[in-house]
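Those protein sequence lines, which keep their order, are chains A and B.
Our numbering applies: residue 1 is where the first sequence begins, and numbers increase by one.
Our numbering applies: residue 271 is where the second sequence begins, and numbers increase by one.
Keep in mind that a hint or two might mislead.
Here's a subset of chain B near chain A, in silico, CB distances under 10 Å, partners left out [said to hold, decoys possible]:
| id | residue |
| --- | --- |
| 1 | R289 |
| 2 | I295 |
| 3 | Q296 |
| 4 | A330 |
| 5 | T356 |
| 6 | G358 |
| 7 | G370 |
| 8 | Y389 |
Hints listed in this document are in silico derivations from the structure and should not be mistaken for laboratory results.
If you're wondering where the values come from, they're calculated on a predicted model, not measured in any experiment.
Using N, Cα and C, we set each Cβ at its ideal position, and we do this for glycine too.
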Amino acid sequence: MNGTFFYSLAPECVYVEQDFEDHDDPRRFKTHKKELAKLPPDLRSELGLWLLDYTNADRLEELLDVGPPHPSFDTWVTDLEIGLNKQFNTHPSVKAIARAIGECNVIIIWVGEFYRAYTREDGRHGTSYRILEEADEIKPHVQALREDWAKDYPGLGLWHSASFKKSISVFDIIAVADSYYDNRSIFEKLKDLIKRTDKPSILEKAGVGEIAKRYVSPILRNDFHYDYIVPKVLGENLPETADFKADQARYPRAPHRISPWLRGRLFSKV
Amino acid sequence: MKITNKTDTYPFDAAELHRRFPADIQIPDLLLAFGQWMKTMPYGSIGDIYFDTEHPDHIAGPEAHRQIIKFMDGDDIYAFFWRHDTVGETLPIVLIDGDGAIETIPSLTAFLARFALGYYSADSDERNFFL
Chain A
1 MNGTFFYSLA PECVYVEQDF EDHDDPRRFK THKKELAKLP PDLRSELGLW LLDYTNADRL
61 EELLDVGPPH PSFDTWVTDL EIGLNKQFNT HPSVKAIARA IGECNVIIIW VGEFYRAYTR
121 EDGRHGTSYR ILEEADEIKP HVQALREDWA KDYPGLGLWH SASFKKSISV FDIIAVADSY
181 YDNRSIFEKL KDLIKRTDKP SILEKAGVGE IAKRYVSPIL RNDFHYDYIV PKVLGENLPE
241 TADFKADQAR YPRAPHRISP WLRGRLFSKV
Chain B
271 MKITNKTDTY PFDAAELHRR FPADIQIPDL LLAFGQWMKT MPYGSIGDIY FDTEHPDHIA
331 GPEAHRQIIK FMDGDDIYAF FWRHDTVGET LPIVLIDGDG AIETIPSLTA FLARFALGYY
391 SADSDERNFF L
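Only chain A is shown next, with the shape it has when bound in the complex (with noise of 0.2 Å):
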């Protein structure tokens, strides 16, 4: 294997040698070498080989530019992440759902008929949920901003859950700004986020105070779920798979969407 082994693969017994163990003791060596022996032949030169053989070329080398020239991907994901937003912000429901919930951390979990809004609280000995009590209030608001998106996005169904968060933090905008996966540096996914966050005092603070005049936004929007639903919110309390069908024939996510265990509840004769 030409000096390397994959180290992922190994037994614990390996990770626990490498990190804790004495090295130079020949008892522990041998025991680690016998650990390494049983992990499989590197065969990357097989696979060489294989794509040889299906392209018909004669060097790897040749194949290592083929294809198209593309455009950028982090212009395009910015791009995006920035069209997204506006086009979040600028929906009629989203500044009635932040003057609703003040400076609330808002969870929504919304499937078929089953609709709760819970409001989060991080104190010293936690993290926990209530009722939120303005959740009647804002649910027609959830419910139109929630079915325009299904629209506006054919294939890709209603959303399952949400959050909400108007109250910001630099730590939050950090929190965000880091989750998203380009080759752009931190302080320039920062600089693209503070364009639609609406606290220019905490960017003030940061320096950036011209940029947050230009943005437009009431909320920090978090990402809409589709694949879980917050069971730790929920408990023993949980949308029934007729809920689930009711979602899919209003607004009807697309094969490819569909994950495996919302396939078992979706086609369940239940």
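Fit chain B to the known structure of chain A by using the hints.
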């Protein structure tokens, strides 16, 4: 992906791959052939990677569900097709490593050639995905 013994081979489910591709995108023949080939190889022998089509919503948001098509995951590699337009038939590949660094490669052919040539270390301890 837990390996139980040395004789395990890479799993590959062509039907599931078909199901998890958007209907308006044809699965590249090379991807299917590669999957069938991998299925004959000892697990781990070309790296700690496996076919995976879970929704990569954290990349560009779920709204991009017809443009970001994940097909591979692994200990230190994560690869998806990126449909940036509706014209091209050859989709570029975007790779993300464990530290979030990104590389865009013009085609699946180029990606596999790079993989075979050792551009991406199979030794995750070294963490040198991008050399």
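A quick look at each hint next to the structure:
A distance limit of 10 Å between C-beta atoms decides the matter here; for R289 of chain B the minimum to chain A is near 6 Å, and the interface restraint holds. For I295 of chain B, the interface hint holds, the least distance from its beta-carbon to any beta-carbon of chain A being 9 Å, beneath 10 Å. A hinted interface residue such as Q296 of chain B counts as satisfied when its beta carbon comes closer than 10 Å to some beta carbon of chain A; here the least separation is about 13 Å, so the hint is violated. For A330 of chain B, the shortest C-beta to C-beta distance to chain A is roughly 5 Å, which falls under 10 Å, so the interface hint holds.
Interface restraint check: T356 of chain B against chain A, minimum CB-CB distance 14 Å, threshold 10 Å, status violated. A distance limit of 10 Å between C-beta atoms decides the matter here; for G358 of chain B the minimum to chain A is near 6 Å, and the interface restraint holds. Annotation: interface hint on G370 of chain B holds; nearest CB of chain A at approximately 6 Å, less than 10 Å. A cut of 10 Å between beta carbons decides the hint on Y389 of chain B: the least distance to chain A is about 9 Å, and the hint holds.
Hint check: violations occur at hints 3, 5; the rest are consistent with the structure.
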